[in-house]
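Engineer: From these two lone chains plus the hints, build me the complex, please.
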Amino acid sequence: MSAFVAVWRREFSLLFTSPIAWVVLTGHHLFNGLAWRNLFSAWQADCRAAATRGAVPALTYADAVIEPYFVGLAFSLVLFVPFLTMRSVADERRTGMLALLSSLPLSEGNLVQGKLASLASLVVALVLPAALLPMAVQGIAPFEPTVVASGVLGVLGLGLAAVSLGLFVSALVESLPAAAAGASSALLVLFFADRFWEPAGAIGFRAALESFARGAPSSASGARFVVVGIAFACLAAWELRSRRVRP
Amino acid sequence: MIEVRELRKVLAGRVVLEDVSFSVPRGSVTAFLGPNGAGKSTTLRILAGATAPTSGSVTIDGRDVRRGAARDLVGWQPEHPPTASGVRVGEYLAFVGRVRGVRDLDGEIRAELSSVGLAGREPDRVDALSKGERVRVGLAAARLGDPPVLLLDEPTSGLDPGQLAGIRNLLERERGRRTVLLSTHLLPEAAALCDRVVLLHRGRVVASGRPEDLRPSGRRLRVLVRGDEERVRRTLTEVAGVRGVEEVSRDERGLALLVACDADVDPRAPLAAALVSAGVDVLELGRAAGELEQAFLELVAAPEPAR
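Chains A and B are the protein sequences, given in the same order.
Number 159 in the working numbering belongs to position 159 of the first sequence; there are no gaps in the numbering.
Number 173 in the working numbering belongs to position 173 of the second sequence; there are no gaps in the numbering.
Everything labelled a hint here was simulated from the structure, so no lab data went into it.
Take every hint as true, because none was put in to throw you off.
Some chain B residues judged to face chain A by a derived CB distance under 7 angstroms, without partners named:
(1) A48
(2) G49
(3) A50
(4) A52
(5) T54
(6) R71
(7) D72
(8) P82
(9) R98
(10) V99
(11) G101
Here chain A is said to cover these stretches of chain B; the calculated rule only asks that three of the stretch's residues, wherever they fall, bring their Cβ under 8 angstroms from a Cβ of chain A:
(12) 73 to 79
(13) 87 to 96
Because the structure is a prediction, the values reported are computed rather than measured.
Note that the Cβ used here is the ideal one computed from N, Cα and C, for glycine as well.
Pulled out of the complex, with its shape left as it was, chain B reads as follows (with noise of 0.2 angstroms):
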C-alpha cells in the first residue's frame, strides 16, 4: 500500500534522512519508532505530501505522493495539530470534512469526535483544549471522510492512562480495515498494537518487521522464587545459557530476579528444573517484558555509520 524507496532529505544543510525504504502492508498497523530527531515526523510529513523528499519516492496505493496524486487516500495527524487562534473544533472538522466530500457531515462529526472520547466538544475553542485534546481532535480530522490510509505522529501523546486505552480500541479496530503507520514513542504500545515496527535512528532505517522478530541481542526472563539468595543466584548461573542474575525486587511475595541469557537457546526448562531440585520454590518465571525495548535500546545505541 505504502512504498518509500531511498528517501533522502536536506534541511537546512542537514541530511534528516538518508536512504529510508520500507513498505506498508494494505490493512496493516505499522509502528514507526526511533528517539527523538530521528527523522519520524519528516517522514509522515512527506507521506503526507506536505513537504517533498531532497530525492527517492514515495508511492501509495501506486500513486505518486510528491505529484499529490494520493491526497484524497491519506488522513494525516500531525504532531502538533495546528491551532488557529478562535477556530472551534466544530467548525475545524466541518472544513476538513467539506473538502474531503463529506456528504453526512453533522453525523460523521460526531460519530468521530464520539470515537475520540470528545463527543459534544464541537463548540469548544481548538486553541483552548489541552494537549492531549488537541491531539484527539487532529485524530478525528485524518479520520473524518474515512480515507483508506492513516498517517498519526504520536497519536498517543498526552494522553491519560483511560484515554491511551480508548485510541488503542481505535486502532485495534482499524486492523484489516484501513493501513496505519504511526510514530509512537510508546515501545509497549507498538509491541501490542502493531503487526509490524519501522525503527528509524540518525535519519535511517536501521530495523523493521514484525515486533516479535526484533530481538534484542540476548533474552531476559523474570523470576519470582522463595529461598536462600546466595543458593538462588548459584543455580541459576550453573544453568547453561545464563549470562548474568540481577535483582529486582524483595518482598513479602519473594524475590523476584532478572535473568539474562543468550538469544539462541529457552532455558526455561532447564531453569525450572535446577531451581526445583535446588529446594527453590518457584512462584514465576516467564520472559522480562520490554524485549522490543531493549532491542530498540541496542539498535539505537550502535555507533553511527560511516556516511
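One chain only, chain A, in its complex shape (with noise of 0.2 angstroms):
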C-alpha cells in the first residue's frame, strides 16, 4: 500500500513539474468552456425563435445541450489524455529511471496503479469543474441532475479507459511524440469506431458515451469501459514486467 501510495504521489507531482499538465488543463477547459458556450446560445436562441412563433424548442435542453456537450467533453479528453500519458513510462525508460524503479521493493502492478491513480486524478480535476458548467444555469435552464451525473459519469469513465491505454502506449515506447501519437490514434479509433463501420459500435467509446449523456446508461455501456481499463492496466503492468524478465 504505502509504494502504490508512494507512486501515486511521485506521479501526480511530477505531473507538474513539466508546463504539459498546466497547458491541457488550460486548454481542457477553454475548449469545453467555449463549446458550452455556443451550445446555451444556439439553445437559447432556439428557445426564443421558438416563443416568437409561439412553438416549443425543437430539442429539449437535455437533447439540445448536455448530450452534445458531454460528447465534446469525452471528445476533448481523446485529444488531450495522450500527452499527459506520453510522459508515463516512455519518459522513465529515456532517463533511465525505470530502471531504478526495477531495483526498488516495488511490483509492475504496484508501479502502473500508481500512475493510474495519479492520471485519474487529474482526469477527475478536468471533467468535474467543467461538469458545474450544466448546473450553474439553474433557474434560467432546466434542472437535469440526474442526465449530467450520468454523463460526469460516463466520461470519467471514458477518462479512465484512456488513461489506461494512453499508459500501455507509453509503456511500449521510449519516444515521447511516438507515445502520444499511438495514444491519440488509438483513441480517435476507438471513440469513432462506429462511424468507420457500423458493426463495431458495440466497441466504439463514442456510442457508449452518448447513453450516459443522455442519461440512461447500459450496464453494456458502463462495461465496456471498465472492461477496456482494466485490460490495459494489465497489457502496461505484463509489458513492464516482459521488458524487465526478458533475457
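Structural biologist: Structure below.
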C-alpha cells in the first residue's frame, strides 16, 4: 500500500513539474467553456425563436445542450489525455528511472496502479469543474441532475479507459511523440469506431458515451469502459514485467 | 551473500557478459574492476534486478534476483542517476524512502544527505546538480532504508579529492555492516578500500581475490639514493632477481629509480646491502605503489580468449 501511495504522490507531482499538465488543464477548460457557451447560446436562440412562433423548441435542454456537451467533453479528453500519458513510462525509460524503479521493492502492478491513480486524479480535475457548467445555469435552464450525473460518470469512465490505454502505449515506446501519437490514434479509432464500420458500435467509445450523456446508461456501456481500462492496465503491467525479465 | 553463476548477457546480438561467476561474502567490500565496456555496469544492473541475464543465475542471500525476490535487500546507485526534470533532491529521496517503507523519512533523508556531504540540499533540483553531486544523491538514495546490500556503480566518479575522501570514509564504515559491491576505475582506491576485487575484461572474469593476491608477474621497488648514477645502476643490476632499472626523477633529494624484479623473490635486503657496500647512500627503499594497477594492466592486455 505504501509503495502504491508513494508512486501516486510522485506521479501527481511529476505531472505538474512540466508545463504539459498546466497547458492541458487550460486548453481543456477553454475548449469546453467555449463549447458550452456556443451550445447554450444556440439553444437559447432556438427557444426565443420558438417562443415568437408560439411553438416549443425543437430540442429539449438535455438533448440540445447536455448530451452534445458531454460528448464534446469526452472528445476533449481523447485529444488531451495522450499528452498526459505520454511521459508516464516512455520518459522514465529514456531517463533511466524505470531501471531504478525495477530495483526498488515495488511490483509492476503497484507501479501501474500508482501511475493510473495519479492520471485518474488529473482526469477528475479535468471533468468535475467542466461538469459544473450545466448546473451553473439552473434557473434559466431546466435542472437535470440525473442526466448531468450520468454524463459525468460516462466521461469519467471514458477518461479512465483513455489513461489506461495511453499508459500502455507509453510502456511500449521510448519516444514521447510516438507515445502521444500512438495513444491519440488508438483513442480516435476507438471513439469513432462505429463511424468507420457500423458493427464496431459495440466497442466504440462514442456510442457508449452517448447513452450516458442522454441520462440512460446501459450496463454494457459502462462495462465497455471498465473492461478497456482494466485490460490496458494489465497489459501495461505485463509489458513492464516482461521487459524486465526478458533475457 | 551474493552468488553469481555462469552469467551471460547478449545485447543487440553482442555478447557483453560470458560465463561470469563470482561470489561476494557477507559484510565485505568488493571492488568490481575493469576497463570501459568490460561489462561492469551491466552486471550491476542484473544484480539490481533492473535487467535480466540471457542465462545464468544471481542470488542475494539465497533469493533469486530474476524473480524480483531480493528487491528489498538491495540499494543500487546507477552510474548515471536518473534526473527527471524539475524533481527536487528531497522529493526524490522521499519517494525512494516511502517505497522502502522508511518510518522517520525526514530524519533519515537529512542523515543520508549529511553523510554524503550534501546537508541541507533537499530543495535543490536534481537536474541542476553537478555530476559528482548527482552521484552522491544516488548514493544517499541507495543507502536509504538501510538495505543490507549496496551496489554502487562508480560511486567516486566526478568527485573532487575532498569529496573522494568523504566517500572513502563512508565506505570504510560500511565494512562488516553491509555487503558492498562497487565498480571503480580508481585502482588505488580499490586496493585501499576493498577486501576483495573482481576483475572483468571483455565480459569475462579474468581474476578475483584479495587485492594483495593480485600481483603483477614481476615486482617493482622504488629506490631513492645519493651517489654516482652509473655505479648505482651497475650495483642494482648485479643483484639476483633484478630485471631492469628505470630512472624516475632526479632532484636535490637524490636519484629516484624503479627496479623491476622477479615476482618470486624479494630482493630488498640484498639490494640495500649491495648499495651500502658500493658506497651509495640509501635514502628510501620499498615497494613501488600501483602493483594492483600493474596487475590490472597485465590482465587486460592479455590476448582475447577464443570463443
